[in-house]
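Engineer: As a plain string of letters, each chain reads:
There are 2 protein chains.
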Amino acid sequence: MKQPSGFLSFGRNIGIKDQSLDFAVVYSQVLCLSTAVFTKNNYPGAPVLVGKEHIQEGKLQAIVVNSKNSNVATGEEGVWVAKETCKILAENLGIQPKHVLPSSTGVIGVPLPKEKIFAACSTAKEYLKENNLEEFAQAILTTDTQKKISYRTYQDGVIFGVAKGAGMIEPNMATMLCYIFSDLLPETKDLYPFLKNAVDISFNCLSIDSDTSTSDTVALLCNGIKGKIPNSIFQELLNEICIDLTKMIARDGEGATKLIELEIQNARDISQARKIGKSIINSPLVKTAIYGGDPNWGRFVMAVGKVFDEKIPYNDLSIQLGNLEVKNANQEVKEKLANYLKSNQEIQIFVNLNQGNVKMKFWGCDLTEGYVKENAFYTT
Amino acid sequence: MKQPSGFLSFGRNIGIKDQSLDFAVVYSQVLCLSTAVFTKNNYPGAPVLVGKEHIQEGKLQAIVVNSKNSNVATGEEGVWVAKETCKILAENLGIQPKHVLPSSTGVIGVPLPKEKIFAACSTAKEYLKENNLEEFAQAILTTDTQKKISYRTYQDGVIFGVAKGAGMIEPNMATMLCYIFSDLLPETKDLYPFLKNAVDISFNCLSIDSDTSTSDTVALLCNGIKGKIPNSIFQELLNEICIDLTKMIARDGEGATKLIELEIQNARDISQARKIGKSIINSPLVKTAIYGGDPNWGRFVMAVGKVFDEKIPYNDLSIQLGNLEVKNANQEVKEKLANYLKSNQEIQIFVNLNQGNVKMKFWGCDLTEGYVKENAFYTT
Numbered sequence: 001m002k003q004p005s006g007f008l009s010f011g012r013n014i015g016i017k018d019q020s021l022d023f024a025v026v027y028s029q030v031l032c033l034s035t036a037v038f039t040k041n042n043y044p045g046a047p048v049l050v051g052k053e054h055i056q057e058g059k060l061q062a063i064v065v066n067s068k069n070s071n072v073a074t075g076e077e078g079v080w081v082a083k084e085t086c087k088i089l090a091e092n093l094g095i096q097p098k099h100v101l102p103s104s105t106g107v108i109g110v111p112l113p114k115e116k117i118f119a120a121c122s123t124a125k126e127y128l129k130e131n132n133l134e135e136f137a138q139a140i141l142t143t144d145t146q147k148k149i150s151y152r153t154y155q156d157g158v159i160f161g162v163a164k165g166a167g168m169i170e171p172n173m174a175t176m177l178c179y180i181f182s183d184l185l186p187e188t189k190d191l192y193p194f195l196k197n198a199v200d201i202s203f204n205c206l207s208i209d210s211d212t213s214t215s216d217t218v219a220l221l222c223n224g225i226k227g228k229i230p231n232s233i234f235q236e237l238l239n240e241i242c243i244d245l246t247k248m249i250a251r252d253g254e255g256a257t258k259l260i261e262l263e264i265q266n267a268r269d270i271s272q273a274r275k276i277g278k279s280i281i282n283s284p285l286v287k288t289a290i291y292g293g294d295p296n297w298g299r300f301v302m303a304v305g306k307v308f309d310e311k312i313p314y315n316d317l318s319i320q321l322g323n324l325e326v327k328n329a330n331q332e333v334k335e336k337l338a339n340y341l342k343s344n345q346e347i348q349i350f351v352n353l354n355q356g357n358v359k360m361k362f363w364g365c366d367l368t369e370g371y372v373k374e375n376a377f378y379t380t
Numbered sequence: 001m002k003q004p005s006g007f008l009s010f011g012r013n014i015g016i017k018d019q020s021l022d023f024a025v026v027y028s029q030v031l032c033l034s035t036a037v038f039t040k041n042n043y044p045g046a047p048v049l050v051g052k053e054h055i056q057e058g059k060l061q062a063i064v065v066n067s068k069n070s071n072v073a074t075g076e077e078g079v080w081v082a083k084e085t086c087k088i089l090a091e092n093l094g095i096q097p098k099h100v101l102p103s104s105t106g107v108i109g110v111p112l113p114k115e116k117i118f119a120a121c122s123t124a125k126e127y128l129k130e131n132n133l134e135e136f137a138q139a140i141l142t143t144d145t146q147k148k149i150s151y152r153t154y155q156d157g158v159i160f161g162v163a164k165g166a167g168m169i170e171p172n173m174a175t176m177l178c179y180i181f182s183d184l185l186p187e188t189k190d191l192y193p194f195l196k197n198a199v200d201i202s203f204n205c206l207s208i209d210s211d212t213s214t215s216d217t218v219a220l221l222c223n224g225i226k227g228k229i230p231n232s233i234f235q236e237l238l239n240e241i242c243i244d245l246t247k248m249i250a251r252d253g254e255g256a257t258k259l260i261e262l263e264i265q266n267a268r269d270i271s272q273a274r275k276i277g278k279s280i281i282n283s284p285l286v287k288t289a290i291y292g293g294d295p296n297w298g299r300f301v302m303a304v305g306k307v308f309d310e311k312i313p314y315n316d317l318s319i320q321l322g323n324l325e326v327k328n329a330n331q332e333v334k335e336k337l338a339n340y341l342k343s344n345q346e347i348q349i350f351v352n353l354n355q356g357n358v359k360m361k362f363w364g365c366d367l368t369e370g371y372v373k374e375n376a377f378y379t380t
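First to last, the protein sequences are chains A and B. The end of the first sequence is residue 380 by the numbering used here, with every number in the run present. The end of the second sequence is residue 380 by the numbering used here, with every number in the run present.
No wet-lab data here; the hints were simulated from the structure. Careful: at least some of the hints might be erroneous.
To be verified - Straight line, CA to CA, 20 Å or less: simulated EDC-like cross-link-like pairs of lysine to aspartate or glutamate: (1) Lys342/B <-> Glu374/A; (2) Lys59/A <-> Glu187/A; (3) Lys87/A <-> Glu76/A; (4) Lys2/B <-> Asp156/B; (5) Lys275/A <-> Glu310/B; (6) Lys116/A <-> Glu130/A; (7) Lys40/A <-> Glu369/B; (8) Lys40/A <-> Glu374/B; (9) Lys40/B <-> Glu126/A; (10) Lys40/B <-> Glu369/A; (11) Lys327/B <-> Glu126/A; (12) Lys40/B <-> Asp309/A; (13) Lys278/B <-> Asp309/A; (14) Lys359/A <-> Glu369/A; (15) Lys373/A <-> Glu374/B; (16) Lys334/B <-> Glu374/A; (17) Lys373/B <-> Glu369/A; (18) Lys334/A <-> Glu374/B; (19) Lys373/A <-> Glu369/B; (20) Lys275/B <-> Glu310/A; (21) Lys373/B <-> Glu310/A; (22) Lys327/B <-> Glu187/A; (23) Lys275/B <-> Glu115/A; (24) Lys40/A <-> Asp309/B; (25) Lys311/A <-> Glu263/A.
Said to hold, decoys possible - If you want a taste of the chain B side facing chain A, the calculated C-beta under 7 Å gives, among others: (26) Gln3; (27) Gly6; (28) Phe38; (29) Lys247; (30) Tyr291; (31) Gly298; (32) Lys306.
Beta carbons are placed, not taken as given, at the ideal position from N, Cα and C, and that holds for glycine.
Make the full structure from the sequences, and use the hints.
Structural biologist: In structure tokens:
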């Protein structure tokens, strides 16, 4: 696994809740050109508020993350703790506080154990190691069952993405965190459009359960140690990494047994594709049919039809699962369909609207008893 | 159970799928002033298409319903069958075909067994009985576990509502059907505004799983045999009946163990109340928390916050479950909250937005393993 040069990191346990890794830092030896996008939830966590402030000049040099506590709905004290975390870490690393991006994920409404976090920040430097991003990837997980890493190389450099997905933290909600580190720099200095483009066709097309976390964060840090990369290649590789991570998050969704990949074809525009794509990928009846291997093709029709303000003539609509056209399926096709659903862990859905020429992909997962159990009985 | 005068009805088995009641007719001895509202799904079933045509003059004299097959996505043949059904029934009853409202609920995309239905229509008259609406209420059910009836009396007359709720039919989707019969007539002849008002504050505030059926129908038939009722009283009783039936449907939602009643208080306007109300009542994380009795109050905050275009300042927001204020709940309140959720089958949520003075109620149910099982393993 080729890791980007100049990024040192660690993950460790500082006892926020249990014995698992719960605190992590990434430090770049060189100030990075950076950008980030954050949750649209109207009640963002304190670290998101501070992160939005710190990213304004487009430069970062460190990331600090804790799991097991989200520092959300913790009031002014919460914001103060997030700022102080950055300040103490910056002091230890010899950098500026505004060049630190903080993240927290976990229980809502419980004050962070600030002494533990401050202490860990003040000794961070001695834990930092090169080529150690796998430990970082492990430390930011909550109930994810697997680390999520995707990278692409270009000449001597690498773009390296790390994410955590839809894990639930006692007693709270899912959070998506993603950090992308690179020792390459694109020709254009403003990184935001690159990240925005990549996020729009990856994470923004992902839904585990339609609930939007208060902590979602995607950050991109480029230190340029390995030189330049053409804009177009950079965008392409960034897109690939974000899509890889999106699929890993969907596959590892709470209780999920199947990854669903949906392609909306020939939409009039992106807005139409997104409305119909989200309606299908979020439909509990579609998700349960895929879980159980039930060839209920009417549910797919229903999920398109319930987007009231996008009327697709029924005869224009085509729906394929794998290579099976499901609309008006007879018994023989239904049996093939049931077999397709039952024997695959990646379900491909193609919905052709025949209204234009826009194509868009969406990712999600099936809805299982496991999802319900994980979220119902996570008692405090 | 006082039933409206002049309405004769029956439910019987005609072997559409199994031995249970699957065919039902209601006939009024007098032509009724009528109105109806239908699903907004862009792919309505054939009976909905025919029903919309038949209701245009505001008069009905009979209802014909079959369960076990929805006659949806059955093309022109499906529409022909629905029309022919009305025609044969009308001939048998000696009324006009356009005065018959047809409904079907059940599997999608399978042709109706038309011979069985036509035969049943041609002998309907001999099965009709007075005071027999309970049999009708039974015959329109699918996987509902209970009949759903609510009525109110006024002087010598009665307004009598019958509904079926969110049952799943092999292999398909939920349908909401509701018929309201009365031997009273309001002063105003246009019944539509009465029904629209009642539906807007009842069924349109209900969500079992956010999936909109292709067959939803609510019809109101008034024969006036027992005289007039003041408009305001009629509206009030109609509202009460629709809300009763809405709650019955929510309580009997697939896999549901708890009825959720949510009141949005002090919204700026109805649109704001509806967006935030629907977001909460549809949130899988809210629904699973209520199922498991988990005092995850952060999930309620998240569900308000994810309505991106309605920003409610955090300090303005108040959330109560029962009589417990849950925002910033400490351990003691959390324990009370867990106890409240675990020991009640009707969960009351009050969300005060403090943005205006509009109040609106919403109904839903918890999300359980039962919902997943019922919808995943309903194999064809």
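Engineer: Each of the hints needs a verdict: does it hold here or not?
Structural biologist: Comparing the hints with the structure gives:
no.: 1; hint: Lys342/B <-> Glu374/A; result: holds (17 Å)
no.: 2; hint: Lys59/A <-> Glu187/A; result: holds (16 Å)
no.: 3; hint: Lys87/A <-> Glu76/A; result: holds (16 Å)
no.: 4; hint: Lys2/B <-> Asp156/B; result: holds (10 Å)
no.: 5; hint: Lys275/A <-> Glu310/B; result: holds (19 Å)
no.: 6; hint: Lys116/A <-> Glu130/A; result: violated (24 Å)
no.: 7; hint: Lys40/A <-> Glu369/B; result: violated (30 Å)
no.: 8; hint: Lys40/A <-> Glu374/B; result: violated (34 Å)
no.: 9; hint: Lys40/B <-> Glu126/A; result: violated (62 Å)
no.: 10; hint: Lys40/B <-> Glu369/A; result: violated (30 Å)
no.: 11; hint: Lys327/B <-> Glu126/A; result: violated (40 Å)
no.: 12; hint: Lys40/B <-> Asp309/A; result: holds (10 Å)
no.: 13; hint: Lys278/B <-> Asp309/A; result: holds (18 Å)
no.: 14; hint: Lys359/A <-> Glu369/A; result: violated (32 Å)
no.: 15; hint: Lys373/A <-> Glu374/B; result: holds (16 Å)
no.: 16; hint: Lys334/B <-> Glu374/A; result: holds (19 Å)
no.: 17; hint: Lys373/B <-> Glu369/A; result: holds (7 Å)
no.: 18; hint: Lys334/A <-> Glu374/B; result: holds (19 Å)
no.: 19; hint: Lys373/A <-> Glu369/B; result: holds (7 Å)
no.: 20; hint: Lys275/B <-> Glu310/A; result: holds (19 Å)
no.: 21; hint: Lys373/B <-> Glu310/A; result: violated (31 Å)
no.: 22; hint: Lys327/B <-> Glu187/A; result: violated (48 Å)
no.: 23; hint: Lys275/B <-> Glu115/A; result: violated (41 Å)
no.: 24; hint: Lys40/A <-> Asp309/B; result: holds (10 Å)
no.: 25; hint: Lys311/A <-> Glu263/A; result: holds (18 Å)
no.: 26; hint: Gln3; result: violated (34 Å)
no.: 27; hint: Gly6; result: violated (37 Å)
no.: 28; hint: Phe38; result: violated (12 Å)
no.: 29; hint: Lys247; result: violated (21 Å)
no.: 30; hint: Tyr291; result: holds (5 Å)
no.: 31; hint: Gly298; result: holds (3 Å)
no.: 32; hint: Lys306; result: holds (4 Å)
The structure fails to meet hints 6, 7, 8, 9, 10, 11, 14, 21, 22, 23, 26, 27, 28, 29 from the earlier list, while all remaining hints are met.
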